[in-house]
Every structure is written in C-alpha cells, then in structure tokens.
Amino acid sequence: MKNQWTNLYTGFVEVKASGKGTERLINELIRQGVSVWDIRRTAPGILVFCMDVKEISNLRKAVRKNECKVTFVKGSGGPFIIKRLIKNSGFVFGFFAFLITIFVLSNMVWGIEVHEASPDTEHAIRKELDKMGIKKGKLQFLLLDVDEIQKQLGDKIDVLTWVGVDLKGTTYHFQVVEKETPEEVKTYSPQHLVAKKKAIIKKMLVEKGKPIVSINDYVTKGQLLVSGLIGKEDKPQMVPAIGKIMGETWYKATVEVPLKTHFSVFNGDESTRHSIAIGGLSIPVWGFKNPDYPDYVTETTSAPFYFLQWKMPISYKAQTLRSKEELIREYTKNEAVKEARKMAKASLEKELPEDAEIISGKILHESIENGKVILSIHYQVIENIAIGQPIIQGD
Amino acid sequence: MAQKWGQRFRRLLVKTMDLPQDVMMDLPRITMIGQLHIYIENHRGLLNFTDTEVRLLLKNGQLLVKGRSFVIKTILPEEIMLEGKIDQVSYINE
Numbered sequence: 001m002k003n004q005w006t007n008l009y010t011g012f013v014e015v016k017a018s019g020k021g022t023e024r025l026i027n028e029l030i031r032q033g034v035s036v037w038d039i040r041r042t043a044p045g046i047l048v049f050c051m052d053v054k055e056i057s058n059l060r061k062a063v064r065k066n067e068c069k070v071t072f073v074k075g076s077g078g079p080f081i082i083k084r085l086i087k088n089s090g091f092v093f094g095f096f097a098f099l100i101t102i103f104v105l106s107n108m109v110w111g112i113e114v115h116e117a118s119p120d121t122e123h124a125i126r127k128e129l130d131k132m133g134i135k136k137g138k139l140q141f142l143l144l145d146v147d148e149i150q151k152q153l154g155d156k157i158d159v160l161t162w163v164g165v166d167l168k169g170t171t172y173h174f175q176v177v178e179k180e181t182p183e184e185v186k187t188y189s190p191q192h193l194v195a196k197k198k199a200i201i202k203k204m205l206v207e208k209g210k211p212i213v214s215i216n217d218y219v220t221k222g223q224l225l226v227s228g229l230i231g232k233e234d235k236p237q238m239v240p241a242i243g244k245i246m247g248e249t250w251y252k253a254t255v256e257v258p259l260k261t262h263f264s265v266f267n268g269d270e271s272t273r274h275s276i277a278i279g280g281l282s283i284p285v286w287g288f289k290n291p292d293y294p295d296y297v298t299e300t301t302s303a304p305f306y307f308l309q310w311k312m313p314i315s316y317k318a319q320t321l322r323s324k325e326e327l328i329r330e331y332t333k334n335e336a337v338k339e340a341r342k343m344a345k346a347s348l349e350k351e352l353p354e355d356a357e358i359i360s361g362k363i364l365h366e367s368i369e370n371g372k373v374i375l376s377i378h379y380q381v382i383e384n385i386a387i388g389q390p391i392i393q394g395d
Numbered sequence: 001m002a003q004k005w006g007q008r009f010r011r012l013l014v015k016t017m018d019l020p021q022d023v024m025m026d027l028p029r030i031t032m033i034g035q036l037h038i039y040i041e042n043h044r045g046l047l048n049f050t051d052t053e054v055r056l057l058l059k060n061g062q063l064l065v066k067g068r069s070f071v072i073k074t075i076l077p078e079e080i081m082l083e084g085k086i087d088q089v090s091y092i093n094e
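Protein chains in written order, with this note's numbering: chain A, 1 to 395; chain B, 1 to 94.
One or more hints might be untrue.
Derived EDC-like pairs (lysine to aspartate or glutamate); straight-line CA-CA distance at most 16 Å [to be verified]: (1) B/K73 <-> A/D38; (2) B/K73 <-> B/E94; (3) A/K202 <-> A/D217; (4) B/K73 <-> A/D52; (5) B/K73 <-> A/E14; (6) A/K372 <-> A/E339; (7) A/K156 <-> A/E128; (8) A/K362 <-> A/E248.
It should be emphasised that the hints constitute simulated quantities derived from the structure, not laboratory data. If you're wondering where the values come from, they're calculated on a predicted model, not measured in any experiment.
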C-alpha cells in the first residue's frame, strides 16, 4: 500500500463521478495503476473519491471509455495550499511582518535602570548614556559593548567607584557604587593615641586627652602621644583621646626609568567592518576594503540577535581595525631624572593619606645601568602619625 | 476438463506440500478487524459499490459484503480495504 502522507505534499483532488459506470471507472483507474482512496457513495449514482493531481490525465482517459461525468470537488495538499497562500498573500505578509516586528522589538533597548545611585549621580549617568547613544528604542547590537559602557562610565563620571552594567533582555541595569564613603562612626570608647611610625613631631592638635609629648620630640613606633587618662593621678578618668599629631616622617624610594622606550600608539585612523555571523560563518555586510595603513590592531565586538528571550545563532559582528604606530621615546639623562622624580613622587602620593604633604625630596643616589637611570630618593613627609589604641579596662 | 485437471493437481500439491491455499488456488484472503475493517486480497474488480453493499468479482464467483456507511479506504488491482460497519460477508456462486 502506498504511503498516504506523501500525497499531502504532491497534492490531491477530490473527484465527484456521476453516472452509471462509476464502479467500472474505478476498476479502470486501478488497472492503470492510479492510486485511489476514500471512495464514498454520497448518493445513488454519485461516487466521490480522492486521487493524485498528477494522475488527472489518466482519469480523463478512463472517463472517455465509460459513461459517466466527472467534476472536481476540491484540491488539497501542497500545490493547492500554495495557491491559496498566494491568493491570501495578505495573511502571509502579515505573519512575516509580525515575526519581523517581534524580532526588531526584542532587539531594542526598552529600559534603562540605575540602581542605588543618588539622584544627581543617576542624572549624570543618564546624560552620559545619552551621549553614548544608549536610549530607549535604540537597537542593541548597534550600541557599545556592555564592558565598553562600563569602562566609559567609570572614566567619565568621577564620583563612581564602580558601575556594573548588565543587559537583561531588553533592559540595561546599572549597579552603582559611589565614592562617598559613609561618615566614619566616631569611637567613643576610651583610647590613647600612639605613634604609627617613627617621626619628629611638628604640630599637635589635641582635641581631647592629655598630651605626653611635645613639638620637636622624636617618637618611635607605638610610643604614647596623647593619653586618654585625665584628671588626678590617683583617680584618673578615662576619655577617648582625639587629635591630630603631625609628624615628619621619612620615605625612601627607588625608581628606574629607561632612557629609550618603545611604544605602540593608535593614531586615530580606524575603519570598521560590519558583518552578520551565522553560527561560525560570517557574512560581510559593509566595509569591505582593506585599510591603507600597514600596521593595525583588530578589535572584534559581537552582539547576538534575540527573538523574544531566546538568543539566536545569528549575531551582529563589528571589526574595528585601528591603525597602530610604533614610537620610540628617548630621554637625555636630565630628562630621565626629572621623569623619575615625578614618578616617584606620584607613586608615593598614592600611598600616603590625603592630609599628608611631601615637603622635600633629596636624591641619595643616581646611576645609569643598562640604559636605565636608577634613582634613590629620600622624602620628608608631614603626616598624621596618631593612631588610636583602646584603653583596656582594669589596666 | 483441462481446468478441472489443473484444479485437482493444485489441490493435491497443497495437500501434500502444505502450501498456503490462497496463493496456489487464487482464493481471496479476507482479513477483518471486528466489524470496522475488512481487507480483501485477490479480488478481480469492483462490481457494485454503495454505502451499504459492496460486490466484488472473484476468480470463481463473487463476494458480497453488507453493512453500513462503507468507504473504500484504498483500492489496488488485487487488494481492497473497506471501512464501515460490516454486518455480513457472503459468497455468491453462480
């Protein structure tokens, strides 16, 4: 027996035969090898049956030999469905328009949410995002990478310590950590102030407590500076000693600066190639020509397309070719020394607390070795050397 | 007379060699599934078909199937599959 389901693709017709010799017509057809199925007698003298579209010429031959009339009731299967689709092409068009609409909408930015930011920071972030082109209604794959957004936001807005950028579906979430640290909770437990490191005391600002040392005293690490025990000696009262003891401290730094340095820099020339990647295959769409600069770095960003929440195997890929140039920087000895001092100072300043001040730097030792200038520098710094030490009860 | 001799010979073969009779003797092989389906092999053509009665030509005589709401699901030169409610199957020998 023939498989019936293939008829769905090739198409079949329902035939109505009327007249006397309908049974003979069927016999004739099957003798010719035409497959016929679903034969029904709907009324006396009328036979309805199904047959392949391709066999209609055989049917005509068979009809000529018999005394009966044949009409076609309807056609089903592939060719007829296509015919109907063409006739109702509006529906087909609507269906594809629907798919495309959903596809476009699922690749748009629908929301930008900034979490845990103060109103002015949020405003700054939104303004910056506007500048970057991240707005509601933009297509996601044309925008910057999430990592890139994160980097640029961090660079451009100073008050941000960290911003986490997350793209969830069609919404960008910005998780913000601002620099302003919460105000330190003042400790009101009784404490002494002791020296953090060895220093010569230059200035004393004692708010509470009994100063033990005086200006120009040399103190070592851990030495008591301001006592938290005040009052009479036989009946002392414990208070938290608070104050700033500015002392002169010393730092030694060694820096090396090479006289000759190779750099690679971008000179700003760049071209972008756009392509659509399907699986592993990438089809270029725009930007075919090779760059006219010889040395370049390729940067690839890709953004997948979405259909509703599903990531599709198709993605948009942009390759940016940035022109690269090699630069050689050469210092004379004096320039190198200057640069080295600058570097040393900068790195020291980074280490020191904000209220510290570098008052002088002396070069202790200077030498040139293997094309490098090596400097040892001694710095004098004024900084707060006081640090709290709790008074243990019963002491 | 010659045909009768042939028939006899075949019958003998079937008896002695245990061959299936429908193959050797061109008899119809009828398979029924309850009252729902009837599947007939080795017929020689459709004689009459209405929704209550089907008459098939056999090599010897005819086969008459009676019932209700008959539909021929498939028909091939020697096979037919009938669907409906089958009440009776009978042979008509002239």
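Results of checking the hints against the structure:
no.	hint	verdict
1	B/K73 <-> A/D38	4 Å, holds
2	B/K73 <-> B/E94	29 Å, violated
3	A/K202 <-> A/D217	8 Å, holds
4	B/K73 <-> A/D52	14 Å, holds
5	B/K73 <-> A/E14	13 Å, holds
6	A/K372 <-> A/E339	12 Å, holds
7	A/K156 <-> A/E128	8 Å, holds
8	A/K362 <-> A/E248	15 Å, holds
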